[in-house]
Structures are given as C-alpha cells and as structure tokens.
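Residue numbers (this note's numbering), protein chains in the order written: chain A, 1 to 643; chain B, 644 to 747.
Everything labelled a hint here was simulated from the structure, so no lab data went into it. Idealized CB from N, CA, C, for every residue including glycine. It is possible that part of the hints are untrue.
Claimed, not checked - Cβ pair distances, simulated, as ranges:
(1) K746(B) - V636(A): 21 to 31 Å
(2) L628(A) - F711(B): 54 to 64 Å
(3) K746(B) - V158(A): 57 to 67 Å
(4) I710(B) - F607(A): 49 to 59 Å
(5) A602(A) - T669(B): 34 to 44 Å
(6) V655(B) - L628(A): 20 to 30 Å
(7) L628(A) - K746(B): 31 to 41 Å
Unchecked claim - To spell it out: a stretch of chain B is covered by chain A in this simulated footprint if at least three of its residues, at any positions, have a beta carbon under 8 Å from a beta carbon of chain A; those stretches are:
(8) 664-670
(9) 737-745
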Amino acid sequence: MDYASYILYIPLLPLASFLLISLLGGKRLGKVGGIIATLSVAISAGLSIYTFSKYFGSDGLVDGTYQAIKPIHYTWLKFSEGLSIDMGVLLDPVSVMMLVVVTGVSLMVHLFSIGYMQGDERYSTYFSYLSLFTFSMLGLVLSTNIFQIYMFWELVGVSSFLLIGYYFTKLSAVAASKKAFIVTRFADLGFLIGIMILGFGAGSLDFGTIIAKLSGNQTAEAIAMSGTTFLGVSALTWGLTLVFMGGAGKSAMFPLHIWLPDAMEGPTPVSALIHAATMVVAGVYLVARMFPVFANVPVALDIVTWVGVVSAVFAAIIACTQTDIKRVLAYSTMSQIGYMMFALGVSGTGEAGTGFTGSLFHLFTHAFFKSLLFLGAGAVIHYVHSNEMSDMGGLRKYMPITHATFLLACLAIAGVPPLAGFFSKEEILLAAWNSNPIIYFIALATSGLTAFYMFRLYFSIFHHKDYTPSGHGHHGEGGFTMMLPLLILGALTIGAGFLPFSEYISADGVPRDMELHLAFSIAPVLTALAGILLATSFYKNQNEKPAKVAAMFGNLYGWAYRKFFIDEIYLFVTKRILFNILGNAAAKTDRQVVDGGVNAIASATGFIANRIRGLQSGHVQEYAIWFLGGALSLTVLIIYLLY
Amino acid sequence: MSEIPLSHILFVSTALFFIGMYGMFTRRNMITMLMSIELMLNSVNINFIAFNKYLFPGNLDGLFFTIFIITIAAAEAAVAIAIIINLYRNHKSIDVEEADALKH
Numbered sequence: 001m002d003y004a005s006y007i008l009y010i011p012l013l014p015l016a017s018f019l020l021i022s023l024l025g026g027k028r029l030g031k032v033g034g035i036i037a038t039l040s041v042a043i044s045a046g047l048s049i050y051t052f053s054k055y056f057g058s059d060g061l062v063d064g065t066y067q068a069i070k071p072i073h074y075t076w077l078k079f080s081e082g083l084s085i086d087m088g089v090l091l092d093p094v095s096v097m098m099l100v101v102v103t104g105v106s107l108m109v110h111l112f113s114i115g116y117m118q119g120d121e122r123y124s125t126y127f128s129y130l131s132l133f134t135f136s137m138l139g140l141v142l143s144t145n146i147f148q149i150y151m152f153w154e155l156v157g158v159s160s161f162l163l164i165g166y167y168f169t170k171l172s173a174v175a176a177s178k179k180a181f182i183v184t185r186f187a188d189l190g191f192l193i194g195i196m197i198l199g200f201g202a203g204s205l206d207f208g209t210i211i212a213k214l215s216g217n218q219t220a221e222a223i224a225m226s227g228t229t230f231l232g233v234s235a236l237t238w239g240l241t242l243v244f245m246g247g248a249g250k251s252a253m254f255p256l257h258i259w260l261p262d263a264m265e266g267p268t269p270v271s272a273l274i275h276a277a278t279m280v281v282a283g284v285y286l287v288a289r290m291f292p293v294f295a296n297v298p299v300a301l302d303i304v305t306w307v308g309v310v311s312a313v314f315a316a317i318i319a320c321t322q323t324d325i326k327r328v329l330a331y332s333t334m335s336q337i338g339y340m341m342f343a344l345g346v347s348g349t350g351e352a353g354t355g356f357t358g359s360l361f362h363l364f365t366h367a368f369f370k371s372l373l374f375l376g377a378g379a380v381i382h383y384v385h386s387n388e389m390s391d392m393g394g395l396r397k398y399m400p401i402t403h404a405t406f407l408l409a410c411l412a413i414a415g416v417p418p419l420a421g422f423f424s425k426e427e428i429l430l431a432a433w434n435s436n437p438i439i440y441f442i443a444l445a446t447s448g449l450t451a452f453y454m455f456r457l458y459f460s461i462f463h464h465k466d467y468t469p470s471g472h473g474h475h476g477e478g479g480f481t482m483m484l485p486l487l488i489l490g491a492l493t494i495g496a497g498f499l500p501f502s503e504y505i506s507a508d509g510v511p512r513d514m515e516l517h518l519a520f521s522i523a524p525v526l527t528a529l530a531g532i533l534l535a536t537s538f539y540k541n542q543n544e545k546p547a548k549v550a551a552m553f554g555n556l557y558g559w560a561y562r563k564f565f566i567d568e569i570y571l572f573v574t575k576r577i578l579f580n581i582l583g584n585a586a587a588k589t590d591r592q593v594v595d596g597g598v599n600a601i602a603s604a605t606g607f608i609a610n611r612i613r614g615l616q617s618g619h620v621q622e623y624a625i626w627f628l629g630g631a632l633s634l635t636v637l638i639i640y641l642l643y
Numbered sequence: 644m645s646e647i648p649l650s651h652i653l654f655v656s657t658a659l660f661f662i663g664m665y666g667m668f669t670r671r672n673m674i675t676m677l678m679s680i681e682l683m684l685n686s687v688n689i690n691f692i693a694f695n696k697y698l699f700p701g702n703l704d705g706l707f708f709t710i711f712i713i714t715i716a717a718a719e720a721a722v723a724i725a726i727i728i729n730l731y732r733n734h735k736s737i738d739v740e741e742a743d744a745l746k747h
C-alpha cells in the first residue's frame, strides 16, 4: 500500500470513534462504546506496525540515510511566502517509532480498561475521551509543522484534563485536572512565544525548513538570530529555551513537574497511557524533533541537560518516600523522563549521537515497562480498592500474573540484564560518560535509587506481610481483558531491548551499530543490584530498618516526604506574591477604574435625566412652544450666523 | 385696476399664520386648536399660490402643492377628530390641559 492511501486512517480512526461515541450519546451505548474504541485503536495499531515494517524494512533507507517522507501535505493558512501553517503527515524514524509506541500502548490500555472500568456509570464517555487522546497524540507525532504540533499539543492537554478529572465528583480530581491544565498551559505560553521567535527567525514554520535554516552556523538566518540578542542572550537561544519550556511542562520536568503526581487522580489505565507512556514523553519527542537546531546551540542543550539531571535525581529521592503506589510510579516516570532529557542534552550529532539514540530507545522501552507497571498497579488497586501501600502486602499469592509481570517490569526499570530497560539505560549512561563524568555519576546514583524505590514498591505490594482479604475480595485478579495486556507488555519488556535500535534511529538518520561494552555495564548493573538488595533487606519482611534509616536522614526524609515543598513554594509565589500584589492591583483597577468608569457614566446619565425630566410634562402646548423655539433659533442661526 | 403687490398677499398669509399659532398656544379646546392648525396650513397655501403666480406664472408646481396640502389637511382633520372623540369618551373633556397622562 502507498503511504498516502492509508496513513490518515491511523489518527482519524480514533477520532471517528470519539465522534461516534460522543454523538450517539455515551450512556445509550453501554458496553458497545468500549468495543468501538478498542477496535478503532486496534486497526490503527495494525496499520502503525505495518508502517513500521514498511518504513524500516524497505522505504525509509535511501543512500544509507533514513529519509523524511511527507505522504500528505496541505497548506492550510498562508501568512506570507514561506510562512504558513500546514497540515500534513511526516514519516521519519522518530515519528514512525512513536506511532508504534502510541498505538501499541493505547491498545493495551483500551483492552485493560474494558475490564477495569466495568460497571462505571460513564463507561462509554471514558472510552470516547481515550479515543480523543489517542487521536491527538497521533496527530502530534505525525506533525510536519511546528504550529500543527502546537495544536495537537493543546488537544492532548485537553484530553488529559478531561481524563484526570474523569471522577469529577471527587474534589481532589477536579483540583488535579485544573492544576495539570494550568501548569502545562503556562508552559505552553513559553512554547508559543518560542514558536513565534523561531518562525520569525527562520521565516518558516515547517520542521524541515527550520532545521535546514537554523542548524548550521553558515545560513543567513542562523547568523541573524545568533546576532540578535535580548538580555544578553541570543534570539536563537531564547527561542529554543522557550520551546523547551513547553516540552518541560508537558514532560513534567523540574520545576514544572507539580501537576504530574496530582494527575494520578485519574483512572489508573489513563495514568498508564497518558502520564507514563505517551503524553509525558511529548517533550522528549519535541526536543528530538528539533534536535539538529538544539545541537547548534550549546546553551540551550545545557539547559536541557541540567533540567533533565535535576528532575531525574529529585524525583528519584521523592519516590523513595511516598506511600501512594501511583505517586511512586509518577515520580519514577518523572525521573525516567529526566534520563531521556539529559541523554538528549549530552548527545552530539552524527557519530557522537549515542545520547540521541539512547534517549529515544529509553522512551521506547520505558513506554512498555512503565505502562506495564501502571496497569499492574491498576490491577492491584482494582483488587485492594486502595492506593496506599499500608493496605497491601502479601498479594503475590492472590494475584500471580500481576505479580510476575510487575516483578519483570521492576527488574527492567532497575536495569537488570537482559530486560529492555538495561539496554536503553546503558546507552544513556554511556553517552553521559562520554560527555561529562559528573552527569554520569549522578545518573548512576539515580539508577541505584530507581532500583531501590521500585523494589520498595514491589515488596510492599506483594510481600512484606500477609494479606487479609477484607470482605471486598469479591472478584479475582481480573478478567481475560485485564490480564492479556499485562502479558503482552511483559513479553515486550523482555523483548524490546533486543531490537537493534541504533540501526533505526540516530541523530542524523544513518544506521549504526549498537554501542554496548560489557565492561562498562558492570558498574550500573552492580548499582542496580545493590539497590535491589537494600530494598529486599528493608521491605521483604516487616522490620525496624526503614524507620531507623528514615530517622537517620532526619529532615531530609521529611522534606522528601513533603516533596521538597515545591507545591508550597508555588502556593506561596502565587497566593502570597502574585495574587496579593498583581492580583490585588488588577482587582483594584477593575473595581475602581473599569467599574468606576462605567458607574460614573451611569450616574451622570441618571443625574442629568432627573434634572430634565420635568420637561416632559405631558402638555402638548408646552412641547409646541419648545418646537417653535427650536425652529426659530434654527432660523436665526441660518439667516444671521451662517450667511 | 392696479395689480395687488406680492407683499400684501405675504402680509395676509403671515398674519394668518401667526393668528393660527397664537390660537394653537392659547386655546385649551382641542377643536379650536385643530382649527388654528388649519389656519396655519392655509397661510402656507396662500404663500404657495402667491409665489407661483408672481414668480413663476408659467408653472403649476405651487398649485399642485396646495392641492396636496388640502388633501393632507383633510386626512389630518379626520384623524385628529377621531382622537379627540376617543379622548372625550375616556375623559369626558376635550381640554388639552387635562390630557397629560403621557408624561415622566
């Protein structure tokens, strides 16, 4: 099949399912809604896999380089010669890989949700939202134009908002959805300004043209943009940093991460899809998409690196102290995305592009094992009816499949060979080592922490103490549709690492051999094992050690438990400073100047009206006299004054 | 017999107009007011005829205007009398000072 003949069905089928379900009315459809949505995503996933094999199998490689194919391209809004908002489909190694990740994980989540959401009142609505999200994410991935990506970016934000606030009767869910929307929207403001700067500088909004014009130092556009400075920083750096701000907001990078933990108020499969595997990696995808331009600007790349590193460590420390299992996973996601970010930051181009490959490889493998972890957590929550670790423990006998797959995913995220996470993490650590040993050691320590908190989670759920079924064990582990995704994702967690990823994706599109040095792997694997052993001794059985160690760390533990007060700082800045100073000033202006002006006009009108109402006496003859007076004065005016 | 000069006729029509206006402002009886209005209209008619005859003897424009005005005046009188009759039915009076319900 030709790409143009079918590629549009991949994003449009979920859209059709969204429209169908929401127009037919959610409640009337009942279970059919779930089937429609799942089928449409299944077809999309099939087509994506077909595209993947076709692109990497035959079409993509031309003269030893993977080319970008635009099967569909339509100029939508034209502002000037060159500057236009286009709608199109862009197929290159990164977007084809993302297609498979998004549709694959989405299909798994749809399947899982059929069982998980059973009996929910707004079952079909839930699936229509999922479809909307899948459509937006696919549109984002396939965008040819930076403005097109921005539109889908916002659509993704909306569907995330809808899904986080799905349980809208819960106040905390409503607050979380608002928080997610406002924080990411604030970041998107930066993104929009960045788009404008880059679009103005490059004279185009098309990705290919922007990259061609701004990635070298020779082109007139790149020289002009580097020459123009604002506050001592060049326009190019400003543009890229602001674009990265949008990406950091969506990807929950420090300090814009505060929405992600709260977003766990949504249904758990949603967390698996949106807040683990797809939407939150949009920032990584965006930086990867613009990578040749970033690589040209060391300052912007350094910002990406350090934001990534800080997020990775910061989130890992917090994850060690949380007791809500979904929040542990949320911080773990943030930490892993930090990895992907700094891998991009330390990457060079061409031969030195290990970080680029590693970052996207980690994105690929992380999508599978993290959605597996979330779906596993979903199954556990479904069984226990609680998110708290203290309500769990000893579940391994009751949920054997969940237990096995969860363990697999924990090993993968910890980086134990030969599971998927091991390979991708190795690439990232290798890139860090080649670039800056400080980053390497921070990353190594973080991977130890990762192993520790993941196994803390694992032992707390499945070992630790005996589980006492407390009345509501009315159902087993979950039906076939809930277990099948776990098994498929488990298989992918084992298998995905063996994909020769660097032959598919590299910074310049040239296939390369995987860089893997066995000697180099020793330190990370040992660190991971140390983390796992430590967690085993702390949490396998109930004992005093965790409490003692927590006491030893003293304040640090408390701070980490309270998430380093970032939320409080935001509250302080917004409530105390912004609301008090700017907000009060704005409120005063509104009340006194705007409202005051309108009131003044109204009262002046009323005052004058009161004064002259006597004129309207109801006596016809008085009116006639006024009329006569007017006519006479006009006559006098015309005869004596104008002539 | 010498011809009457234009100024004499204009004098008559002006006098007629201001008599009508005086009546309009001072009479309380609505029918008298209506009659005053007719006086004013007729003063205008005289003006039209006079100017037509003295300034443009070959044209008939002034005559036609006069005929129109007479027609309109007839219609106006019919409407005004209808209003006055209705007012009388409601108020038992055609005193214009008492018909002051339409006010602030």
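Tested hints:
1. In this structure the hint that K746(B) and V636(A) lie 21 to 31 Å apart at CB holds, the actual value being about 30 Å.
2. Between L628(A) and F711(B) the beta carbons are some 24 Å apart, a value that contradicts the proposed interval 54 to 64 Å.
3. In this structure, K746(B) and V158(A) meet the distance hint of 57 to 67 Å, their C-beta atoms being roughly 58 Å apart.
4. About 51 Å separates the C-beta atoms of I710(B) and F607(A), a value consistent with the hinted range of 49 to 59 Å.
5. One distance hint, 34 to 44 Å for the beta-carbon pair A602(A) and T669(B), holds here, with the actual separation near 41 Å.
6. For V655(B) paired with L628(A), a C-beta distance near 21 Å keeps the hint of 20 to 30 Å intact.
7. The given range of 31 to 41 Å is broken by L628(A) and K746(B), whose C-beta atoms sit roughly 20 Å from each other.
8. Given a C-beta distance limit of less than 8 Å, the hint that chain A covers the stretch 664-670 of chain B holds, as 3 residues qualify and 3 suffice.
9. Counting residues of the stretch 737-745 of chain B whose beta carbon lies closer than 8 Å to any beta carbon of chain A gives 6, which meets the minimum of three for the stated coverage.
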